[in-house]
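Protein chains: 4
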Amino acid sequence: MLITIANDAPSSTRAAILAASLERGFHAQAMPNGRGGEVIGVAGALPLEGMDLTGLERVQPVHKPFMMASLEARERSVVMVGDVAIGGGSPVFMAGPCSIESIDDQVEIARAVKAAGANILRGGAFKPRSSPYSFQGLGQEGLEALVAAREATGLPVVTEVMEPEQVDLVAAYADMLQIGSRNMANFPLLKRVGKTSTPVLLKRGFAATQEEFLMSAEYIMAGGNTNVVLCERGIRAFDAAFRFSLDLNVVPSIKELCHLPIIVDPSHGTGRRSLVARMAMAGLAAGADGLMLEVHADPDNALSDGYQTVTPLELSRIHRRGLALLEALTGFDNAEDVVCDMATLTRFDTIGEDAGSALERIA
Amino acid sequence: MLITIANDAPSSTRAAILAASLERGFHAQAMPNGRGGEVIGVAGALPLEGMDLTGLERVQPVHKPFMMASLEARERSVVMVGDVAIGGGSPVFMAGPCSIESIDDQVEIARAVKAAGANILRGGAFKPRSSPYSFQGLGQEGLEALVAAREATGLPVVTEVMEPEQVDLVAAYADMLQIGSRNMANFPLLKRVGKTSTPVLLKRGFAATQEEFLMSAEYIMAGGNTNVVLCERGIRAFDAAFRFSLDLNVVPSIKELCHLPIIVDPSHGTGRRSLVARMAMAGLAAGADGLMLEVHADPDNALSDGYQTVTPLELSRIHRRGLALLEALTGFDNAEDVVCDMATLTRFDTIGEDAGSALERIA
Amino acid sequence: MLITIANDAPSSTRAAILAASLERGFHAQAMPNGRGGEVIGVAGALPLEGMDLTGLERVQPVHKPFMMASLEARERSVVMVGDVAIGGGSPVFMAGPCSIESIDDQVEIARAVKAAGANILRGGAFKPRSSPYSFQGLGQEGLEALVAAREATGLPVVTEVMEPEQVDLVAAYADMLQIGSRNMANFPLLKRVGKTSTPVLLKRGFAATQEEFLMSAEYIMAGGNTNVVLCERGIRAFDAAFRFSLDLNVVPSIKELCHLPIIVDPSHGTGRRSLVARMAMAGLAAGADGLMLEVHADPDNALSDGYQTVTPLELSRIHRRGLALLEALTGFDNAEDVVCDMATLTRFDTIGEDAGSALERIA
Amino acid sequence: MLITIANDAPSSTRAAILAASLERGFHAQAMPNGRGGEVIGVAGALPLEGMDLTGLERVQPVHKPFMMASLEARERSVVMVGDVAIGGGSPVFMAGPCSIESIDDQVEIARAVKAAGANILRGGAFKPRSSPYSFQGLGQEGLEALVAAREATGLPVVTEVMEPEQVDLVAAYADMLQIGSRNMANFPLLKRVGKTSTPVLLKRGFAATQEEFLMSAEYIMAGGNTNVVLCERGIRAFDAAFRFSLDLNVVPSIKELCHLPIIVDPSHGTGRRSLVARMAMAGLAAGADGLMLEVHADPDNALSDGYQTVTPLELSRIHRRGLALLEALTGFDNAEDVVCDMATLTRFDTIGEDAGSALERIA
Ligand SMILES: C=C(OP(=O)(O)O)C(=O)O
Ligand SMILES: C=C(OP(=O)(O)O)C(=O)O
Ligand SMILES: C=C(OP(=O)(O)O)C(=O)O
Ligand SMILES: C=C(OP(=O)(O)O)C(=O)O
Ligand SMILES: [Mn+2]
Ligand SMILES: [Mn+2]
Ligand SMILES: [Mn+2]
Ligand SMILES: [Mn+2]
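Residue numbers (the numbering used here), protein chains in the order written: chain H, 589 to 951; chain L, 589 to 951; chain X, 589 to 951; chain V, 589 to 951.
Misleading hints may appear alongside valid ones.
[As the list claims (entries may be wrong)] In silico negatives: residues of chain V with every beta carbon more than 10 Å from chain L:
1) K652
2) G670
3) G705
4) A825
5) E844
6) D893
[Stated by the list, open to error] Interface residues of chain X toward chain H, partial, derived using beta-carbon atoms under 10 Å:
7) A603
8) A795
9) R824
10) F826
11) A828
Read the hints as simulated data drawn from the structure, not as lab findings.
For clarity, every value in this text was computed on a predicted model and none was experimentally measured.
Ideal Cβ positions, reconstructed from N, Cα and C, are used throughout, including at glycine.
Bound-form chain H, shown alone (with noise of 0.2 Å):
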């Protein structure tokens, strides 16, 4: 169940909340609901009568089974990484290679895609390769590049952790943790990094449904890390032509049922360098909040995934094109939503015989 409390409730209430689920040994957690007050997930039904619990707003026993990550549990969450807002309105661009190659390279390349507009840096440390002969990435050294490129241009960095042990040593260097497609189904790394307060980048598992996917979600926020921003890479389908299949019908359907933001990973999720732009634009047109590309300086020779790696310039072009986009399309959003609330829209039938110009006169 998810109980609402005011923001004026006292701190009693939340306790009472809290006991009377670990009494009962249902799993609870509590979150801003981003109006002030707090929202308490309650994996269980507590009866609440006869409690004091003053400040009480809401309690919602019907919901979602990813209850915390549901948009019936709060406002719209904004994610902060370093100083970078996801979800509050502005676009995140995270850019770089798909793996870490050197100190040098990975200054070079967070200095390049600064400068083509991103405002967040990526790069693999540890990579899943489908080969255990294949590179494995720099490890600990490409923590360190990564470090090195943060301090370079101030961009907060983004890379992956692959297993539980390792969490602690990512944290220590990244602002956020990425979990991949792989791992979307690997719940001892998702409860583990729940019990961390890094923001994480979960993305969706190739063959994962929506609710599978928030679901994963569910389980780093259910240990407390509310910081997740969900990433549509790509789902496995039937042409050999493609890599993945970039899947966006998932963005605006995951934009109804939950709060988190979602960015768009146009690379993996085409498996060819010239797709890349045009489904970035796709993405943000579809409602992402943001990008993540990878992005070489020589992609023809980048150490994994160069076929589907762009240059810092088109890049550029990208996020120029990009935010030209997402202004084309606010101009209308502050007049009345995109995706409307179908309930609620004027219908035809409303409008009488001369439906032309009383649709002329609503334009």
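Go by the hints and put chains L, X and V with the ligands onto chain H.
This is chains L, X and V with the ligands only, laid out in the frame that chain H set:
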């Protein structure tokens, strides 16, 4: 092989190639190449040496299997439907109900979608329904409703044709013949519409690869009808929360391979009314030449597909936002291509040490 | 609704139901129920009270949407193709080349597959090919080859029909009409074969759900032709190492829902010659009523699908193993059902403490 | 490269190869080749000329990327779990509940599945559940229940391990470590179990290609643990009527590529109790080396996956039918291979005119 003839070549050149093909039993078909000349697709290796072929411009023995549809064959095509140009730069908006419900309703919705920005009217007279016991469409009465609506509004009309025997009938009423997703590999039907000169809207099979899709276009073009517009309308994927998954990757990918216009259908491609507007924007941002949208005055009471159908008011919002989005992106297209030729992209390593300022100069 | 009439009901009962359906505009169709009586499927809620319906045995207002195909309607069907019974217990082996290549070849392969154990001959005269430039089948000459082969061997013949206009022609030659995977949702074609009395082999669309598959059978049966045999032939999945993925789950699942026989095609279902024998065994073990196999004297030089085609010798091995496998399983079926009714299964907890010895006694 | 050393080669040969690999930074790992000698997989091109390599039997510079798992490397493997041989000809039956529910229940079900024919006991102590609020398994208490059940019955036990830190703990209790479908590409976990000598049951990721599956086996083997058994457990497909689609094509296909045993899990592979028996038969007929089945005394009240769980009685039926089916097929295997080498198959055209009688003679 593809054989291009200059615009001032004598007609004997074309005749000689066709005759030689006929003699060898090779299928051959000529079409304009968009630059004043002609291109002939010959399904076989014609030995050209020794023939008098004045005005021969280019011979391509190696090409994609969909030779007539291939971008190797000619400039990008513009397909005229009535006086509406598809593929020429302005987006097309095809809109109307899933099924035609009556003459009056169709005239009314035609007026409404026109007012909301549509330039082609849709509506199914012959409907492919999973159940033999469901409403199968009004048939010929539906065709008459389309004509009435066209007369009332001036909008050209598109409607589905489901079997070869129906083609002449439907073509007598409609400005464009729709081949449905379930019939994308109905080759006798494709051959039959290939024998008309009526423009064809070919919807992608929901489990067709990109290459199979283009081969189906080739079936139509091989018959002589080159007025083909492609339509991505969602593929079958694994998440039961969505009817189909709109597969926008194919839009920029097909633009790289094929000269035909391609539009996007976010109604069938999402199966959910509330996702249509956002995915319409995504389709345009991905590079589509237009949209097909299911629109009904009272979606909840539509005879088919109401759950994915929007109102005329919602269409007008989609239309205005779509134009704004395209205008925002077109500004850039004047200066540089979004689907850029990666080979000619200025490489980062040629920009030198100071990537930042270099990029700033470029921007 | 499904209305069952006893075998001694007066013909007036049946007539009254059909007349009442006609009056209300409900589609209605009668068929034997396999127990001597008849079942009438009515697509609508007929008010039966007040009608004189002597011999009325059962009324089922609630049933699956594929009412005629449903196991709720009747006993398991046996479909006769010539003198071969499909579904009656002995497995059917349909075998022959993908495409008919000449009269002589077809007669020769007919003799060989008969010797190898086949009891129905296949061969495509009209072929659905992805490319308009590929061999499209011998057409009517192919049909004549089938007749010659039938005369030489006595084997009934099955061949694909691709369009409504072809149905009469093909039915004049063939003992069974094959509807290909690409045409499973070609509803005009289904309706047209539903108007004949020739047995139909309906192949599952490679992206069709089980329910869509059964609804397509319903299209044929609703027209009056209840001689339908289903065929699972592989679905489209994500691994490019396989042409299709043979989806055997549907075999026992359809047996729970539907009274029609179902066979398995491991040639198209694997796309690889070396996998055919094993997957043929798997199909029979899953409960299929037989197999369809592509067989050619010289697979490497077959005009189509050679990579998935086996030799007659390999067919004879598959045939003998298949019979042995079924015999091994049939021994058990006499004693108890493999697809057992879970509700009547003796529960472990009724066996008491000493599960081991109890089970040993049962065994 | 794969380097095979004769069984009488001096140990210096092996040492020289390993040393040369180390020097060049190439990963190298030796394993028995099943014919008395050894094969060394070296991840790189070692220049062997000039080295003293007495007893060198074979050098394969070209091989599959999963070199240690490849059938190019060695004879078919037999993996011992306790005293149960997997892959040696007799099928293995792993059975037990999805989740261990208590010590008593686990002992009881162990006795029951043993009586019903199982030779390995399963049961999850650490469970991967989509929801953080679902039962996550008994943990260490579950491991103790497995030990108690092993003591009571003598059955070796298999249970899932979900994270690297858990491996030592689980290996201290279990005879075989299960890697779940969701963790097939959890490479740190694969590396960690590769460092033990405990046999591993590697379940295929539900959206993993055959090659990715074998590469994951390679991760384990590259670490030195060659006791790997593969398990096909269903892939994600498009029909919501099935939890997963059992993809049996991979069974004979993997047999062509890989020396490791492979079993089939028809419980997860169907997600429906009533389909398990038939698909178990299909799995064995496809060539699997055994089965994994979820079995519970009272499936309707199981703590997880009850809908796909069968009773011990049903297991005993599956077991007896499975043995009968294999015996029926084995009779033939003595005479000739079902997965036959197509290249050596007697060609039909060598049989001459009278195919019928020739085949009859062969038969
Ligand atoms: C491996 C990566 O992504 P994913 O987990 O989406 O495949 C990556 O971002 O480099
Ligand atoms: C049936 C339709 O579309 P599709 O063929 O794409 O399903 C339609 O446009 O109404
Ligand atoms: C084309 C054929 O099959 P399908 O329709 O299953 O592809 C065939 O049987 O040759
Ligand atoms: C969770 C299990 O299997 P899988 O990893 O195949 O889903 C299991 O065996 O209980
Ligand atoms: Mn990458
Ligand atoms: Mn529709
Ligand atoms: Mn074929
Ligand atoms: Mn389970």
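Over 10 Å from every CB of chain L: does V/D893 meet that, or does the non-interface label fail?
Check passes; 19 Å lies beyond 10 Å.
Given X/R824 was flagged as interface, is its beta-carbon under 10 Å from a beta-carbon of chain H?
Holds: closest Cβ of chain H sits about 4 Å from X/R824, inside 10 Å.
Is the Cβ of V/K652 more than 10 Å away from each Cβ in chain L?
Non-interface label on V/K652 holds, nearest chain L Cβ at 26 Å vs cutoff 10 Å.
Restraint check, 10 Å cut-off on beta carbons, for X/A795 near chain H:
Because about 8 Å separates X/A795 from the closest Cβ in chain H, which is inside the 10 Å limit, the hint holds.
Does the nearest C-beta of chain H fall within a distance shorter than 10 Å of the C-beta of X/F826?
Hint holds; X/F826 Cβ to chain H Cβ min 4 Å, cut 10 Å.
Non-interface claim for V/E844, where every Cβ of chain L lies beyond 10 Å
Label holds. Min Cβ-Cβ 25 Å, cutoff 10 Å.
Evaluation of the interface hint that places X/A828 against chain H, nearest CB under 10 Å:
Interface hint status for X/A828: holds (4 Å vs cutoff 10 Å).
Grab the minimum beta-carbon distance between V/A825 and chain L and tell me whether it stays above 10 Å.
At about 6 Å from chain L, V/A825 fails to clear the 10 Å cut-off, so the statement is violated.
Does the nearest C-beta of chain H fall within a distance shorter than 10 Å of the C-beta of X/A603?
violated (45 Å)
Beyond 10 Å on every Cβ pair: is that true for V/G670 relative to chain L?
Fine: 38 Å to the nearest Cβ keeps V/G670 off the interface.
Consistency of the no-contact label for V/G705, given chain L and a CB cut of 10 Å
holds (34 Å)
When the structure is compared with the earlier hints, violations turn up for hints 4 and 7 and for no others.
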